[in-house]
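Chains as they are written, first to last, in the numbering used here: chain A, 1 to 225; chain B, 226 to 466; chain C, 467 to 685.
Just to be clear, a hint being listed does not mean it is correct.
What the hints assert, rightly or not - Which stretches of chain C does chain A cover? Using the computed rule of at least three CB atoms under 8 angstroms from a CB of chain A, they are:
| id | region |
| --- | --- |
| 1 | 537 to 549 |
| 2 | 563 to 577 |
What the hints assert, rightly or not - Each computed BS3-like pair below joins lysine-lysine, with the alpha-carbon atoms no more than 25 angstroms apart:
| id | chain 1 | residue 1 | chain 2 | residue 2 |
| --- | --- | --- | --- | --- |
| 3 | B | K337 | B | K305 |
| 4 | C | K607 | C | K677 |
| 5 | B | K346 | B | K334 |
| 6 | C | K580 | C | K513 |
| 7 | B | K334 | B | K323 |
| 8 | B | K235 | C | K580 |
| 9 | B | K333 | B | K346 |
| 10 | B | K333 | C | K513 |
| 11 | B | K300 | C | K607 |
| 12 | C | K580 | B | K262 |
| 13 | B | K407 | B | K245 |
| 14 | B | K407 | B | K345 |
| 15 | B | K300 | C | K513 |
| 16 | B | K305 | B | K235 |
| 17 | B | K235 | B | K262 |
| 18 | C | K580 | B | K305 |
| 19 | C | K580 | B | K323 |
| 20 | B | K305 | B | K333 |
| 21 | C | K607 | B | K323 |
| 22 | B | K305 | B | K407 |
What the hints assert, rightly or not - Computed from the model, here is a short list of chain A residues facing chain C with C-beta under 7 angstroms:
| id | residue |
| --- | --- |
| 23 | T67 |
| 24 | V164 |
| 25 | Y191 |
| 26 | T195 |
I should point out that these hints are in silico values taken from the structure, not numbers from a laboratory.
Beta carbons are placed, not taken as given, at the ideal position from N, Cα and C, and that holds for glycine.
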Amino acid sequence: MAYAFDFGWLVEYWPVLLKGIGITLELTVIGGLLGVSLGIACAWARALGPAWLRPFVSAYVEMIRNTPFLIQLFFIFFGLPALGFRLGELEAANLAMVINLGAYSCEIIRAGIQATPRGQFEAGASLGMTRFETFRHVVLVPALQRIWPALSSQIVIVMLGSSVVSQIAAEDLTFAANFIQSRTFRAFETYFVSTLIYLALAILLRQVLRGVGWSIFPKRGAAAR
Amino acid sequence: MSLIEITEVKKRFGDNEVLKGINIDVEPGEVIAIIGKSGSGKSTLLRCINGLETIDEGSISVAGAQLLPDDLHLKALRLKVGMIFQGFNLFPHLTAGKNVMLSQMVVKKTPKAEAEVMAKKMLDRVGLGHKFDAYPDQLSGGQQQRVAIARALAMQPIALLCDEITSALDPELVNEVLAVVKELASEGMTLLMVTHEMRFARDVCSRVVFMHQGRVHEIGPPGEVFANPQTPELKQFLGMQ
Amino acid sequence: MSEFTLWDILRNLLLATRWTIVLSLVSFVGGSLVGALLLLLRIGYNKAGRVFARGYIELFQGTPLLMQLFLAFFGLGLFGIDVPAWLAAGLALILWTAAFLAEIWRGCVEAIAKGQWEASSSLGMGYIQQMRYVILPQALKIAVPPTVGFSVQVVKGTALTSIIGFVELSKAGTVVTNATFEPFTVYGLVALIYFCLCWPLSKSSQILERKLNVAHRNH
Numbered sequence: 001m002a003y004a005f006d007f008g009w010l011v012e013y014w015p016v017l018l019k020g021i022g023i024t025l026e027l028t029v030i031g032g033l034l035g036v037s038l039g040i041a042c043a044w045a046r047a048l049g050p051a052w053l054r055p056f057v058s059a060y061v062e063m064i065r066n067t068p069f070l071i072q073l074f075f076i077f078f079g080l081p082a083l084g085f086r087l088g089e090l091e092a093a094n095l096a097m098v099i100n101l102g103a104y105s106c107e108i109i110r111a112g113i114q115a116t117p118r119g120q121f122e123a124g125a126s127l128g129m130t131r132f133e134t135f136r137h138v139v140l141v142p143a144l145q146r147i148w149p150a151l152s153s154q155i156v157i158v159m160l161g162s163s164v165v166s167q168i169a170a171e172d173l174t175f176a177a178n179f180i181q182s183r184t185f186r187a188f189e190t191y192f193v194s195t196l197i198y199l200a201l202a203i204l205l206r207q208v209l210r211g212v213g214w215s216i217f218p219k220r221g222a223a224a225r
Numbered sequence: 226m227s228l229i230e231i232t233e234v235k236k237r238f239g240d241n242e243v244l245k246g247i248n249i250d251v252e253p254g255e256v257i258a259i260i261g262k263s264g265s266g267k268s269t270l271l272r273c274i275n276g277l278e279t280i281d282e283g284s285i286s287v288a289g290a291q292l293l294p295d296d297l298h299l300k301a302l303r304l305k306v307g308m309i310f311q312g313f314n315l316f317p318h319l320t321a322g323k324n325v326m327l328s329q330m331v332v333k334k335t336p337k338a339e340a341e342v343m344a345k346k347m348l349d350r351v352g353l354g355h356k357f358d359a360y361p362d363q364l365s366g367g368q369q370q371r372v373a374i375a376r377a378l379a380m381q382p383i384a385l386l387c388d389e390i391t392s393a394l395d396p397e398l399v400n401e402v403l404a405v406v407k408e409l410a411s412e413g414m415t416l417l418m419v420t421h422e423m424r425f426a427r428d429v430c431s432r433v434v435f436m437h438q439g440r441v442h443e444i445g446p447p448g449e450v451f452a453n454p455q456t457p458e459l460k461q462f463l464g465m466q
Numbered sequence: 467m468s469e470f471t472l473w474d475i476l477r478n479l480l481l482a483t484r485w486t487i488v489l490s491l492v493s494f495v496g497g498s499l500v501g502a503l504l505l506l507l508r509i510g511y512n513k514a515g516r517v518f519a520r521g522y523i524e525l526f527q528g529t530p531l532l533m534q535l536f537l538a539f540f541g542l543g544l545f546g547i548d549v550p551a552w553l554a555a556g557l558a559l560i561l562w563t564a565a566f567l568a569e570i571w572r573g574c575v576e577a578i579a580k581g582q583w584e585a586s587s588s589l590g591m592g593y594i595q596q597m598r599y600v601i602l603p604q605a606l607k608i609a610v611p612p613t614v615g616f617s618v619q620v621v622k623g624t625a626l627t628s629i630i631g632f633v634e635l636s637k638a639g640t641v642v643t644n645a646t647f648e649p650f651t652v653y654g655l656v657a658l659i660y661f662c663l664c665w666p667l668s669k670s671s672q673i674l675e676r677k678l679n680v681a682h683r684n685h
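Isolated chain A, as found in the complex (with noise of 0.2 angstroms):
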């Protein structure tokens, strides 16, 4: 192999990287905030919500666990302007993330509802609360706490899965890197600079939601297990 790898564009380019991490991590936070929170939303509904609900909530997780994230941007992106909702790359790119993340974030935490002990909703009836008031201050916390590590693996998929976003001019790190290669022609050594960075930020939030899930859950000890 005759070929000389260069990483010199780097010096030029930097500040391009800098700025689609940036992007992508804020893409990665909204969606993840709004996405579990959605996720929430839909689990209540599917395990606890009233019962005409549950077709509606279950269609639309089906619906999206079924397709392609890309089509889903697409769709949303290209497709919805034909109704005359017209949004932005970065707006498109958020709500598709959030639907996205809504629909797999549902069905993980509706397990970790479904795994609550009965006596757990009994207790809080016997206590004089509503089912909502159960959920709301007896079930959620525990259940969440129960599958904190599945939510974890998910929001890091759509951390990464989020480099299509590119493909509606949403300006990532993944679009920064095509920016860069048309650029330099450097294809191969771009796209290798920023799979470590993609690398590099699915290590770090992995480390962050498990900070994130250490302080926000009450401790347990050994005795509690």
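Chains B and C: place on chain A using the hints.
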């Protein structure tokens, strides 16, 4: 030379020394009950004899085979000593018969037909010849444990280690398993059992070992140990039963 | 420009769907083979093998599939070959699938109770015999539902190959959209076709899982 020689065996889990120098010699045909509180190290001792735990100091030998932590020595030792577990540990994807046949075929390279004959014989011996084709989840706990015994016997060990083999059983199923063990004892099998069945220990065993805090606290024939405990710890333990 | 009927659109999309299916099958089968090798390294005796497999899995699970596709595409190009998109797509998807399947299967192997290892040890079996006769047969059984479930991710993953120019369902969607200016209809149909491919797989994974749980309760 004794059949099983346990000499100055020490075992640590991190900072916690669970065996603090154990010495026991077992003669052929002896039936030994190991009793004691949980955490006294009795299960760990049994697991060490089978090489499921490595020992930190001391030595264990069975019929001249030394316990050394390499595969060859371990295999040689395990061919001489069978083990029965509290949780049965039958292979759930195999029928009772296949459970008994498997290790004969893959470890001893016994031809299939021969292994099958042996499996039938051993299942008959524990009273389950008619369950040859049943899967473990179709058997009661007592039956599963008897298959586990047949499985160990099929390897023709010279001694059997029984680790609380009736503790996971419903009370009404305990006796069918103990009856099998009693039968083995009367046939001259060397047995080391960790057990909570004091009556069984008294009736069947030749010696009783009382373990306390990682040491052999008292040892002797069941008549002496049960009727005339020497230490306050054993008195208290027996009082607890 | 000629007029496109709904049937014209659908027909073009369905023709392209063939390539989505072929690529999914190739990726899944190839990924299973490579994944099985990775699994053996990951749970094997050899320390270097374990470290390699762990690194491999971490790398492929911790980076975007899109980046892997780019790297395969441009990386193969470094060898001076003019890389066809299908080759880069197939290669990247196989390697990506392998990482996830190996990790799923490792979970299944580790889910086998410790007592199974101990019982087979006490009967004198060595590591390979234990794996072959006791652990893997049980692990394989519980591995079926999550493996089928992951096949959905593979089908969806093939959509990204459109970005490096492989013509499958998603690419056809873009092409047809550009010709018809009906993105709402076209992407709606594309989504529907993906749904028809994926939903039966998702559903069978769930049903298999439920069956397995029922079978387990009998123990």
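Hinted pair K305(B) and K333(B), Cα distance within 25 angstroms: Judged against 25 angstroms, a Cα distance of about 12 angstroms means the pair holds.
Interface hint for T67(A), Cβ within 7 angstroms of any Cβ on chain C: 5 angstroms, holds
25 angstroms Cα cutoff - pair K337(B), K305(B): Holds. K337(B) to K305(B) sits at ~21 angstroms (cutoff 25 angstroms).
Agreement of K333(B) and K346(B) with the hint, judged by alpha carbon distance not exceeding 25 angstroms: Holds, at about 17 angstroms.
Given hint K245(B) paired with K407(B) - CA-CA distance at most 25 angstroms: 31 angstroms, violated
Restraint check for K580(C) with K323(B), where alpha carbons must lie at most 25 angstroms apart: Between K580(C) and K323(B) the Cα gap is close to 20 angstroms, so the pair holds against 25 angstroms.
When the least beta-carbon distance from Y191(A) to chain C is tested against 7 angstroms, hint result: Check passed: Cβ of Y191(A) comes within 4 angstroms of chain C, closer than 7 angstroms.
Within 8 angstroms of chain A (C-beta), three or more residues of the region 563 to 577 of chain C: violated (count 0)
Residues of the region 537 to 549 of chain C with Cβ under 8 angstroms from chain A, three needed, outcome: holds (count 7)
Satisfaction of hint between K262(B) and K235(B), Cα-Cα up to 25 angstroms: At roughly 19 angstroms apart (the allowed maximum being 25 angstroms), K262(B) and K235(B) satisfy the hint.
K300(B) paired with K607(C) [C-alpha distance capped at 25 angstroms]: 29 angstroms, violated
Restraint status (C-alpha distance of K300(B) to K513(C) at most 25 angstroms): Holds, at roughly 23 angstroms.
The earlier numbered hints that this structure contradicts are 2, 10, 11 and 13.
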